[in-house]
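Asker: Listed here are the chains, written in short residue letters.
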Amino acid sequence: MASVSSPLESGPTVFLSGQKGLRIPFFILLLRKSIRLFLTMLLIPTVVFFVLRIIPGDPALVVAGFDAPPEVVENLRSKLGTNRPPLEQYEEWILSVAQLEFGTSLISNEPVLKLILDRFPLTLSLAVAGMLCALLIAIPLGVMSAVRRWTLWDYGGMVFSQIGISLPSFWLGIILLLLFAVKYPLFPLFGGDSPWHLVLPSVALGINRGAVLLRLVRTAMIEELGKEYIITARSKGLPELVVRYRHALRNALLPVLTIAGIQFGYMLGGAIILEQVFSLPGLGRLILSAVFQRDFPVIQGGTLFVAAVFSLVNFLVDLLYSLVNPRIRVG
Amino acid sequence: MKPLLRVENLTKIYPGSGIIKRYPVKALDNISFTVEEGDTFGLVGESGSGKTTLARCILFLEPPTSGKVYYGNLCLNDIPWYHWRKLRSRMQIIFQDPNSALNPRLPIRRSLEEGLINLGYSRKQRNDTIRKILDQVGIPYNQVDWYPHEFSGGQKQRIIIARALSMNPKFIVLDEPVSNLDVSIQAGIINLLMDLKKEFNLTYIFISHDLDLIAYLSTKIGVLKGGQLVEVGKAEDVLAHPLHPYTRFLLENPLSFHSRIQPWETLAKETI
Amino acid sequence: MGTEVLLEIKDLSVEFTAHQRKIPAVRGIDLTILPGQFHALVGESGAGKTVTSLSILRLLPSNVTSLRGSIKFNDHDLLQLSEEVMRNLRGREISMIFQEPAKYLNPSLKAGVQVMEAIRYHMGYSEKAARERVCELFEKVGLSDPELAFDRYPHEFSVGMKQRVMIAMAISCNPSLLIADEPTTSLDVGVQRQIIHLLLDLQRSSKMAILYITHDLGIVRYAADVISIMYAGKIIESAPKDLLFTSPLHPYTRLLLASIPSREKRGTRLQGIPGTVPNPEDIPPGCAFHPRCPLAQQKCKENVPPLVRIEAGHRCACFFPGKEIRSNP
Chain A
4 MASVSSPLES
14 GPTVFLSGQK
24 GLRIPFFILL
34 LRKSIRLFLT
44 MLLIPTVVFF
54 VLRIIPGDPA
64 LVVAGFDAPP
74 EVVENLRSKL
84 GTNRPPLEQY
94 EEWILSVAQL
104 EFGTSLISNE
114 PVLKLILDRF
124 PLTLSLAVAG
134 MLCALLIAIP
144 LGVMSAVRRW
154 TLWDYGGMVF
164 SQIGISLPSF
174 WLGIILLLLF
184 AVKYPLFPLF
194 GGDSPWHLVL
204 PSVALGINRG
214 AVLLRLVRTA
224 MIEELGKEYI
234 ITARSKGLPE
244 LVVRYRHALR
254 NALLPVLTIA
264 GIQFGYMLGG
274 AIILEQVFSL
284 PGLGRLILSA
294 VFQRDFPVIQ
304 GGTLFVAAVF
314 SLVNFLVDLL
324 YSLVNPRIRV
334 G
Chain B
9 MKPLLRVENL
19 TKIYPGSGII
29 KRYPVKALDN
39 ISFTVEEGDT
49 FGLVGESGSG
59 KTTLARCILF
69 LEPPTSGKVY
79 YGNLCLNDIP
89 WYHWRKLRSR
99 MQIIFQDPNS
109 ALNPRLPIRR
119 SLEEGLINLG
129 YSRKQRNDTI
139 RKILDQVGIP
149 YNQVDWYPHE
159 FSGGQKQRII
169 IARALSMNPK
179 FIVLDEPVSN
189 LDVSIQAGII
199 NLLMDLKKEF
209 NLTYIFISHD
219 LDLIAYLSTK
229 IGVLKGGQLV
239 EVGKAEDVLA
249 HPLHPYTRFL
259 LENPLSFHSR
269 IQPWETLAKE
279 TI
Chain C
23 MGTEVLLEIK
33 DLSVEFTAHQ
43 RKIPAVRGID
53 LTILPGQFHA
63 LVGESGAGKT
73 VTSLSILRLL
83 PSNVTSLRGS
93 IKFNDHDLLQ
103 LSEEVMRNLR
113 GREISMIFQE
123 PAKYLNPSLK
133 AGVQVMEAIR
143 YHMGYSEKAA
153 RERVCELFEK
163 VGLSDPELAF
173 DRYPHEFSVG
183 MKQRVMIAMA
193 ISCNPSLLIA
203 DEPTTSLDVG
213 VQRQIIHLLL
223 DLQRSSKMAI
233 LYITHDLGIV
243 RYAADVISIM
253 YAGKIIESAP
263 KDLLFTSPLH
273 PYTRLLLASI
283 PSREKRGTRL
293 QGIPGTVPNP
303 EDIPPGCAFH
313 PRCPLAQQKC
323 KENVPPLVRI
333 EAGHRCACFF
343 PGKEIRSNP
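Protein sequence lines correspond, in order, to chains A, B and C. Take the first sequence: its position 172, counting from 1, is numbered 175 in our numbering, and each next residue is one higher. Take the second sequence: its position 143, counting from 1, is numbered 151 in our numbering, and each next residue is one higher. Take the third sequence: its position 280, counting from 1, is numbered 302 in our numbering, and each next residue is one higher.
There may be inaccurate statements among the hints.
Claimed, not checked - Label pairs and their computed distance ranges (CB to CB):
1) B/Val238 to C/Asp33: 33 to 43 Å
2) A/Arg249 to C/Asn96: 28 to 38 Å
3) A/Val245 to B/Pro71: 24 to 34 Å
4) C/Lys125 to B/Asn107: 26 to 36 Å
5) B/Pro32 to A/Val50: 37 to 47 Å
6) A/Phe193 to C/Glu149: 43 to 53 Å
7) B/Tyr31 to A/Ile262: 30 to 40 Å
8) A/Val245 to C/Asn96: 46 to 56 Å
9) C/Lys323 to A/Tyr248: 48 to 58 Å
10) A/Arg249 to B/Pro71: 31 to 41 Å
11) A/Arg249 to B/Asp143: 42 to 52 Å
Rather than coming from a laboratory, the hints here were simulated on the basis of the structure. The beta carbon of each residue, even a glycine, is placed where N, CA and C say it ideally should be.
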């Protein structure tokens, strides 16, 4: 019973509205984004190298101390390689980075890569747990706030989010420690060798980040619930929960996903203050102590690593985004 | 009748986007026509036919990719930019959406004044002109300090017509001037436009998707399809003896109010 | 069968509240739709057409503060039903399509999935059976490659095709009433034609009634069985197609019909209606049309003319139905 138009018209067989609506195959998208990631990865070591050279002062002098004997300083210079021409240094740096060789720590004499990789699992699990916690707070509360706008629920959510945003996470961390490790010793006070150690810091991190995401979820949900396709979904007789979670939330999560991805990237750089509060041997603390001790190879390697992980996470979020949002996959 | 506007082989190509491969879009393809003084040149076309692009290209609001536009004996392609300001007042354009054509933050007096200041009118001359012109389009002068949102859509379109008229133009391009208005308001605006045309000896290029409307008011009709002018001619001829199948298709639209075709006559043909 | 009524709206009024002001959008309308009938509800912007249609489905926005009257659908008053029962009716017995299908389709769900939802929810089909049914529906509404269409996202269709997807969605559970809110406005002539023919075809083949909301009298003249004309929240005239176009009674209807330009009217002046469509916030007292009406007298300013039967099937709300209008110069 398909209707056929007059011969002048594009009949029902024409599907797409011109070249514009064509869907890009996923592997091409992957290829494109991978090229972009590769270029970023090339750029990062260069930037790290030059930034560290541009900063005024002689690293060797800083590390050895200003009153150190000249031969000690000279010795350090050759160890750091800062006495050679910059281009040669750059070449060597890039080559060593390519071989994942970041040098050894000036303090502990251990390879920088090993130091980083020792600390990274903890940071990663903290970031994952923190993000999970943040989403678990933000999504249900945000949806509820949006659905029951201008009611007590909504105001409650807003107050919570305001507090969560304004309270520094270290303070939250300390309060949580005092409550659940000291007064009611449910969780260990410090250290990072079991999952239990991660509960309190992830909650502290989650409340802080979740508070921001909550507002985002609320705003996006209010916007989506006001859109016309919601009326369509309701006119089909779908239950309200399906309308909210299957139709509205799916679209509302798009902007949230972008911000959450960036937040997650930051978390992977180590939550320096929280690691300090909970005495967790994470990446943040490693870099922080390297800064205090002027441990140049560790600073350099750590910066590089964090930047690389950040770009990698962004790459993954980008891919995920284009999977969730079909509209982005058109050329 | 002498030709007022002549369009010769006008083509507009948009480059298109994309890194690896670009698909240039040919919005207008080799369009030629002449509009004589006092004509109402009706251009009919559906969405994507290039009617708005054509309107913009005629007035050089967008430079055509190739082709020439003559205004009288003047070739608009050769006009240096510093002469355009003067020339612009001679040719006005009115768009479909009356809401976006008036600055919502200014009382309509200010919107009406701007062009007149540009022409070097004194305050008194400006007030006299505005009073006269508002009277002409049927807006009471005591509403001159109102803001656009205090007027209805039809009234806004009247104010925009007044603004175009105050520049003392020779010809006006009307790009779907009534499509956003209610049916009962449309007729009033069309009547107004036709009265003004007679009174000020104007020439119109009237663009619309509605063939009934074009058929009602045009002296000459051009049919645009996919960037090409598939048919152009005297209104009577085009209506009585359409040559292009697309024109015939538009004229035989059963959904037109004046069509007497009944569903059972076409339904059997058009469905399987 | 002949006297059976599918939908009967009685004295429906809907009031919004915005900025602490009451805005009457619909002011007491009566409307009857028979099974399988193509009923057109015609009116200009702000006449209350869309509000009427949304109140049938009870999908009015939350700033509606008053909803009175009754809407009988197969002898159930829709306004009295529980939300649960109402939800079971939506999409199954009464469904709706809209203007601008691009906005009314969820951009991030596949077309097939969106059509499938109502089938699965109302008829309890399995995933596989529902998929088959969707493909059948796509075929029925003229989407040539159903399997391919199923997995496409809304933005990958042209506007006309999107409207076909919407129609497939609306008819998926064989409703007895389809509400179509300006479904062809802003579509090109050819596409408009296809959609109208599709709707007429569905109406005939599945005995589905259509409440078609529009301001386009051309479409109405072509497709409708019965026409009701709305002005400022009231129905002012209602008649079968032939009666309405051959002997319109209300001055508004008559002026409106005379306002439409055509090639036959070349060289003559269009009729036109002075003034503007009243804003729902301040509707004139008495007959809402009186400030624009050439026949208006003192009586019209003070009393609201009731919608009364003039002849069989022809109702009109005017104190001077059919009185000659001397056209003002």
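Asker: A separate judgement is required for each hint: does it hold in the structure or not?
Answerer: Hint-by-hint comparison with the structure:
1. B/Val238 to C/Asp33: 33 to 43 Å: Hint violated: Cβ distance 53 Å, outside 33 to 43 Å.
2. A/Arg249 to C/Asn96: 28 to 38 Å: Roughly 30 Å apart at Cβ, these two residues keep to the hinted range, so it holds.
3. A/Val245 to B/Pro71: 24 to 34 Å: violated, 52 Å
4. C/Lys125 to B/Asn107: 26 to 36 Å: violated, 19 Å
5. B/Pro32 to A/Val50: 37 to 47 Å: holds, 38 Å
6. A/Phe193 to C/Glu149: 43 to 53 Å: The hint (43 to 53 Å, Cβ to Cβ) holds, given that A/Phe193 and C/Glu149 are roughly 51 Å apart.
7. B/Tyr31 to A/Ile262: 30 to 40 Å: holds, 34 Å
8. A/Val245 to C/Asn96: 46 to 56 Å: The hint (46 to 56 Å, Cβ to Cβ) is violated, given that A/Val245 and C/Asn96 are roughly 26 Å apart.
9. C/Lys323 to A/Tyr248: 48 to 58 Å: Given a distance of about 54 Å, which is inside 48 to 58 Å, the answer is holds.
10. A/Arg249 to B/Pro71: 31 to 41 Å: For A/Arg249 and B/Pro71 the Cβ distance comes to about 49 Å; the hint is violated.
11. A/Arg249 to B/Asp143: 42 to 52 Å: violated, 59 Å
In summary, the numbered hints that this structure violates are 1, 3, 4, 8, 10, 11.
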